[in-house]
Amino acid sequence: MRTPFDPPEPRPVPPGEYPVWEQALALLNRDLAATLPRQGPLRLLALPPYDEDEPEYVYVATADGEWHGSHLAPHTQAGFASALATVADAAQETVTERLWQAWPLCPEHNLGMHLREDAEERLSWWCAGERLRHGPGHIHAAVGALGA
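Going by numbering that gives the first Met the number 0, the first residue of the sequence shown is number 0, and it counts up by one from there.
Calculated directly from the structure, the hints in this document are not laboratory data. Accuracy of the hints is not assured; some may be wrong.
[To be verified] DEER-style ranges, computed between Cβ atoms:
(1) Gln-100 <-> Ala-25: 20 to 28 Å
(2) Pro-14 <-> Leu-110: 33 to 41 Å
(3) Ala-77 <-> Asp-52: 31 to 39 Å
(4) Glu-129 <-> Gly-15: 16 to 24 Å
(5) Pro-135 <-> Pro-54: 40 to 48 Å
(6) Glu-8 <-> Gly-68: 28 to 36 Å
(7) Glu-96 <-> Glu-55: 19 to 27 Å
(8) Pro-73 <-> Asn-109: 33 to 41 Å
(9) Ala-147 <-> Asp-63: 22 to 30 Å
C-beta: ideal position from N, C-alpha, C; glycine also.
With the hints as extra help, turn the sequences into a complete structure.
Structure (structure tokens):
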């Protein structure tokens, strides 16, 4: 058990340790490479828990090892849809907060996009679009398909 004054060192998560989260992160990294090509890929970092009975805390971090926001909840590994939603939310929060810019941006409206299910129930990037002028919002692309 650690004390609050003994900060833990994050460890890089090796490939294969959290395969569902890794699969989801691969899609997010495709979107990151398509929209912010100078940024390195996002990665998973883990911190040990404060209590030995708890699982470790896993975060989505930038290539330089910085992250922002909540850890990934262990139960979200149960299925790919919940893993993708959780990892996408964490990736968006980390990129936005660490780079101080909205991400991803809709190329048509230059607005930050948000996660939403599309008509085929895929997790997609949604833009408010012309809603400020009483126009419709729109789905721009599925998560992982921003470069398509």
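Going through the earlier hints one by one, which of them does the structure break, listed in rising order? 3, 4, 6
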